[in-house]
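Peer 1: Starting from the known structure of chain U, arrange chain P on it as the hints suggest.
Order-wise, the sequence lines are chains U and P. To convert, note that position 148 of the first sequence is 148 in this note's numbering; the numbers rise steadily by one, no gaps. To convert, note that position 57 of the second sequence is 1057 in this note's numbering; the numbers rise steadily by one, no gaps.
Any given hint could turn out to be false.
[Said to hold, decoys possible] No more than 20 Å apart at the CA atoms, straight line, and that leaves these computed lysine to any residue pairs for SDA-like:
| id | chain 1 | residue 1 | chain 2 | residue 2 |
| --- | --- | --- | --- | --- |
| 1 | U | K305 | P | S1073 |
| 2 | P | K1018 | U | K122 |
| 3 | P | K1018 | U | W284 |
| 4 | U | K122 | P | D1058 |
| 5 | P | K1018 | U | Q286 |
| 6 | U | K122 | P | D1069 |
| 7 | U | K471 | U | E492 |
| 8 | U | K305 | P | E1077 |
The set of hints was computed from the structure by calculation and includes no laboratory data.
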Amino acid sequence: MDDAVVDELRAILGDDDRVLPNVSSRASRTRVPAPFPVHRWAEFMPDVAVLPVSAEEVSQVVKLANRLRIPVVPRAGGTGLSDGAVPLRGGICVDVKLMNKIHEIDLEDRTVTVGPGINMLKLNEELRPHGVFYPDDPASYPCSLVGGRIGTGGWSLLGARFGHTRDLVISMQVVLPTGEIVEIGDGGGRKLRKSSTGLTLKQLFTGHQGTLGITTEATLELVPRPELEFSAFFAFDDYMKAYRTTGALTRSGLATLAGVVLFDEWKLRYLRRDDEAYIPQPPWVQAVIAVAMYGTRAEVEPASKRVMELGRAEGGKYLGDEISQGDWASRHDRYATPLHGRNREGQVVPMSWHCEDAALNYSVLPQVREEWHAIVERYIERYGIFDDWGMFCYTNGAFKPWADYLVEIDVGIWEQQLDDETWAGWVACKREIAEVALKYGGSITACHGATREGDADLVPTEMGSAWEVVKRVKRALDPNNVMNPGKQMLDEAYE
Amino acid sequence: MTIFRLGEQRPPEPRRIKEDVVERFEHVFEIDPDLMRTFPQQHLPAWDTHRIVASRWDHLDWMHAHFADDVLSTGLESETMGGHE
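Next up, chain U with everything else stripped away, as it sits in the complex (with noise of 0.2 Å):
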């Protein structure tokens, strides 16, 4: 990149601590937890990274890159499982870290509003004096940043209870690919849920990993503290016992129902060989089910008991409270696992956590599972550097947790023996993966975002008809292709 360029942005953060164009925070800011091509690192850095403090700062950066054509890539915590921050053709990394404050607490009409670049642990930190929370909950709880949320469209482990991302954003600022700053929500007020004035913009600003805008404030949900959290895990000898099992659970009609998990034989066999949890299960365990909710004493209590009868309807057992207890505790927190898997001689090897995700409905879970594990055992016996660690479904649907569900298949990536050639056929796995969920009527995503080749050359067949109106709203929101290019096929808006 041009030394003016650096010299500009400079000019416009006043600030040179808060222009990075060094290798080692350009390199820092290159890759997400998701399988990298680690042997191509240089190919994915940004030119320069800033990390603006205010909406105002955010606008005049990226009239610059308009003004000059410069790509310009969003980033919040970097905890994606897929390559939404991820430059692909270098350009400005706009690091949103530092815009972390909360601006307003209001407990009357119950929002809070914050800068994009709090996380939501230490967010929930301020709000517990108060009684409230804000009850996004993804496995990066920890580590991942508000604004990220909101680009990615995240999905939350308590969304059945209280919703996902874009159920909790009540509006937002946004500064569009063009530099203007705008405000979106439902109609315009900015702490309002519904409204029917307009057209509804606040979707189209969530889960755009980043080709729309630069989400600069938002105005979030806050519901009441939970008084009481119950968690029950359960165990059986068949998968198909538990796969009914989870639908008379999203059935039941119980309101403080959180979420419900199903793993799949692969999954067990994996926590069998490598979790203190399951490292003494009975080998009869093939299958387990995690049920959990969030309310008050009074709905929680009485509930339990029903999810008890429900979970031992078809032969589940009771896990115990500890394990319960204790792996529920863990699900907030995923990222904090160390990684390794085996290689086909059953040696433990370092490997990178690769999490492919669909929404598909209930009715084909058993089918996918088992044409998913197919196409991995093929690329594990083809490369040797996989290893397939199972499957989970979650519930995936707000305040309706009976339909669909988000499932995934988690697979172990040796990183350091990438090349060319394996990570070729990596790519080629993912996109066998994806068709799949295609096949049986899903999406090739829940809540990862589809930027990653493999999958993202299928977001055209995925949008079918619609794919020519999302070409149309990119390109006049983003007339010079500026905002996170090359991502969702969206290049071909501009062909």
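Peer 2: Quick look at chain P alone, frame taken from chain U:
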């Protein structure tokens, strides 16, 4: 207060509990060293193992308190450890 004695820091010899898992301290499982020939397990003094286990429990307790005022227990033990009925 825990008193550090150098002579107590060498962990006990492992006891095999499964085909691919060994145990040196109760409920602290380790992968069979035979499966760690490519990347050998580092040697941990006893105090460090105990520290890691204790901090893990602290972390889980902290998470419970963070998300709700109280945790409801059933008072039930595991139903899976006594054999399949």
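Peer 1: Run every hint past the structure and note whether it holds.
Peer 2: Consistency of the hints with the structure:
Of the supplied pair hints, the one linking K305(U) and S1073(P) holds, its CA atoms being roughly 11 Å apart against a limit of 20 Å. Proximity of K1018(P) to K122(U) is assessed by CA-CA distance (about 41 Å); at most 20 Å being required, the pair is judged violated. For the proposed pair K1018(P) and W284(U), the alpha carbon gap of about 15 Å is at most 20 Å, so the pair holds. With a CA separation close to 18 Å, the supplied pair K122(U) and D1058(P) stays within the 20 Å bound.
Of the pairs offered as hints, the one joining K1018(P) and Q286(U) holds, with about 17 Å between alpha carbons and a cut-off of 20 Å not exceeded. For the suggested pair K122(U) and D1069(P), the alpha carbons sit about 17 Å apart, so the restraint of at most 20 Å is met. With a C-alpha separation of about 7 Å, the suggested pairing of K471(U) with E492(U) holds against the 20 Å cut-off. The hinted pair formed by K305(U) and E1077(P) meets the criterion: a straight-line CA distance of about 16 Å does not exceed 20 Å.
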